[in-house]
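Engineer: What follows is the residue order along each chain.
Number of protein chains: 2
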Amino acid sequence: MSASRYAYLGGFDGTSNVMAAYAYGIPCRGTHAHAFVQSFAETGPPVDATAAAHSERSALASLAYHYRENVVEPALRQPFQVSAMAANESELRAFIAYAAAFPRAFLALVDTYDSLGSGIPNFLSVALALEHQGYKPLGIRIDSGDLAYISTQARRMFDVVNPGNKYIIFASSEIHEDTLYALKEQGHAIDAFGVGTHLVTCQKQPALGCVFKLVQVGHVACIKVSEDPSKTTIPGRKRVYRLYGRDPTVCMIDLMMLETEPEPHPGERILCCHPYEEHKRCYMTPSRVEEILQPLCVFGEVLAMDDAQVSASDHERLRVARKRCLEQVRALRYDYKRPLNPTPYKVSVSAALFKLVHQLWLEELAIRELS
Amino acid sequence: MSASRYAYLGGFDGTSNVMAAYAYGIPCRGTHAHAFVQSFAETGPPVDATAAAHSERSALASLAYHYRENVVEPALRQPFQVSAMAANESELRAFIAYAAAFPRAFLALVDTYDSLGSGIPNFLSVALALEHQGYKPLGIRIDSGDLAYISTQARRMFDVVNPGNKYIIFASSEIHEDTLYALKEQGHAIDAFGVGTHLVTCQKQPALGCVFKLVQVGHVACIKVSEDPSKTTIPGRKRVYRLYGRDPTVCMIDLMMLETEPEPHPGERILCCHPYEEHKRCYMTPSRVEEILQPLCVFGEVLAMDDAQVSASDHERLRVARKRCLEQVRALRYDYKRPLNPTPYKVSVSAALFKLVHQLWLEELAIRELS
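From first to last, the protein sequence lines stand for chains H and E.
Residue numbering for the first sequence is 1 to 371, as defined by full-length UniProt numbering.
Residue numbering for the second sequence is 1 to 371, as defined by full-length UniProt numbering.
Derived from the structure by calculation, the hints contain no laboratory data.
A couple of the hints might just be wrong.
Since the list gives no way to pick one copy over another, a pair counts as held whenever it fits inside one copy or between any two copies.
Said to hold, decoys possible - Derived DSSO-like pairs (lysine-lysine); straight-line CA-CA distance at most 30 Å:
1. K355 - K323
2. K323 - K166
3. K224 - K280
4. K337 - K213
5. K337 - K184
6. K136 - K337
7. K355 - K337
8. K323 - K337
9. K184 - K323
10. K280 - K238
11. K355 - K166
12. K280 - K184
13. K323 - K280
14. K355 - K136
15. K166 - K231
16. K337 - K231
17. K166 - K346
18. K346 - K136
Produce the entire structure from the sequences given, and follow the hints as far as they go.
Structural biologist: This is the structure:
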């Protein structure tokens, strides 16, 4: 909140923090999440609340499919070797749903699958459809990859498909001062930057970077694959347990299990697997088991604190939190806490969850053709 | 506020932020300021609000002078070559006043003049007097110098003067993680640490370090001399002006003047001096003069904002602040703002103020005897 306030005071033009926008009167800027695009992958677009919105979206969808086939596809194929018809179909459906809901604020996040090969052609198809309906689409947001190259290519694609357009190119992706200088030197076609982490936190101090990712839609688990295995999401609805060793005050390993699996019990031996490397696994017989995942919001409803917490004063709640914090730090072996070369704390998955991760991972990654 | 809250949650034992202590129920810990000690230098102790406190302090003062002469002086002279009778007298008066006001929380900041030569002997004199009256003095705080050496010497002095004492040694002074490891390695006698700047801010990000210093008591200007000239305070009640160059939107130099001097006017040539280096000075004929020192609190009363500010909404005030911030940044030449080797912005003093700084500086520093 205060970061939004002072960034605005210091010259930023808007905030994606909706509460800060409301409280301080700062212009609110933003787009949808990657998870929104992903959510269209398995299930198709969710049903609308109103029939009107539904029929409006149908009209927009027909137009978007029309423009994709008759304008975007022929315009991009030759100069860019990009086929709009081969772009990710569920991404197109996501953009249509988003544009129908926010026709005056259509800024599409294009890097969920492939910015140049899928996101931008899909954006252009929906943008032309929106313009046909009398709206002005805003543009695109790029959140990964080579921002200089993708933005200049995007600008060229915009100009080829729709000369005279005023689409903006908005870039985010852990941007900091040095990135800005480097981009300026390389040349780019970015109109606006979104700066978050590097504005609010400082690289020399530990910061907890939180993002939300989709792990399941309805009953179907889904995965977001990344080139960096540690960024690949662990799919499915899960429960998480902290397992304590022979000394019941010293925690040894955390274990994620599918929600449907039976929970681990003290004294019972259980297999703990590294989530990505199959040769790293161990048996563990915990002396104590603590469930550590606490749902805070279920089906849009914020879960109430327990009665003791509700009736406690602010001061009491702070004291309880402090006591728990100190106990948790004490439960860590010294080698996890030492400043030089600390031992990484182990986080593992059950055998069933390991199987699901690797099955979905292989399904998601098409096998490449070498020739 | 949030730093105090989360530091406490994470294991700190108290805060010196009185508001945070009140709001979150965190134990409040602290002592007086250097300026409190300094304020006794010229004028003697301020008159008390109540006669009772005054008479109590008189009793305490008599005891302190008694213990200084008969216990502390003989105990410290031989083993430490320290004379309690030669310690700074105004510091002793400050400690007496502080102990009379807070007899159950007497933690003396001992480094205003010289921790080992003055602060600690003075502390011990007042501590013995307090104990005589049935109180338990807390101990000392050291805020500068060689913390390892001073703390071990202090502990030895405590043990010589008052065996069985439980005085604590509290250290502050820009303490960070590395200082703690270094002190641990060297050996020290510190019981508690006060961490501020390095807890709340991060060295990689610019932080505005603010401290308050005494520049005048009544009608007498005073100076706090430091080995580092840039830390020496600029004495006296002042007014501060921003002088704009030929282009009235570009600021050239800030000028501090004594409150009693006539203010500078556009079109009039004025001499601007570097505050510490006499050969650095220049004439300046400003096209525009802006007074930039805005008193917020006068004689303990918080000054009201002007009517326009009072009636404005929060959102409007933020917009006004933002506009001003952007204008101020725009008024800086590019070379002040460039990321590599920025030009330092000049802050100067008038000739009269220069004279006062250097006169008080020479008066404050005794001429050393070499032999």
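Engineer: Taking the hints in turn, state whether each one holds.
Structural biologist: Results for each hint:
With identical chains, the CA atoms of K355 and K323 are never at most 30 Å apart, being 38 Å at best within one copy and 57 Å at best between copies. When the C-alpha separation of K323 and K166 is checked against a cutoff of 30 Å, the pair qualifies only between copies, where the shortest distance is 27 Å, while the shortest distance within a copy is 56 Å. In this assembly of identical chains, K224 and K280 lie within 30 Å of each other by CA distance solely inside one copy; the values are 22 Å within and 63 Å between copies. Within a single copy, K337 and K213 get their C-alpha atoms as close as 29 Å, which meets the 30 Å cut-off; across copies the closest is 39 Å, which misses it.
Taking the closest pair of Cα atoms, K337 and K184 come within 30 Å of each other only across two copies (17 Å); inside a single copy the shortest separation is 41 Å, beyond that limit. Within a single copy, K136 and K337 get their C-alpha atoms no closer than 54 Å, and across copies no closer than 37 Å, so neither meets the 30 Å cut-off. Within a single copy, K355 and K337 get their C-alpha atoms no closer than 32 Å, and across copies no closer than 55 Å, so neither meets the 30 Å cut-off. In this assembly of identical chains, the alpha carbons of K323 and K337 lie at most 30 Å apart only when taken from the same copy (18 Å versus 46 Å across copies).
Taking the shortest alpha-carbon separations for K184 and K323, only the inter-copy value of 26 Å comes in at or below 30 Å, while the best intra-copy value is 49 Å. Within a single copy, K280 and K238 get their C-alpha atoms as close as 21 Å, which meets the 30 Å cut-off; across copies the closest is 69 Å, which misses it. In this assembly of identical chains, the alpha carbons of K355 and K166 never lie at most 30 Å apart, being 48 Å within a copy and 62 Å across copies at closest. Taking identical chains as interchangeable, the C-alpha atoms of K280 and K184 are never at most 30 Å apart, the minima being 44 Å within one chain and 38 Å between chains.
Taking the closest pair of Cα atoms, K323 and K280 never come within 30 Å of each other, the shortest separation being 34 Å inside a single copy and 57 Å across copies. Proximity of K355 and K136 under a CA criterion of 30 Å is satisfied in neither setting, with 47 Å inside one chain copy and 66 Å between copies. Proximity of K166 and K231 under a CA criterion of 30 Å is satisfied in neither setting, with 34 Å inside one chain copy and 54 Å between copies. For a Cα distance limit of 30 Å, the shortest separation of K337 from K231 inside one copy, 24 Å, qualifies, whereas the shortest one across copies, 37 Å, does not.
When the C-alpha separation of K166 and K346 is checked against a cutoff of 30 Å, the pair qualifies neither within a copy, at 50 Å, nor between copies, at 44 Å. For a Cα distance limit of 30 Å, the shortest separation of K346 from K136 qualifies neither inside one copy, at 50 Å, nor across copies, at 49 Å.
The structure is inconsistent with the numbered hints 1, 6, 7, 11, 12, 13, 14, 15, 17, 18, although it conforms to all the rest.
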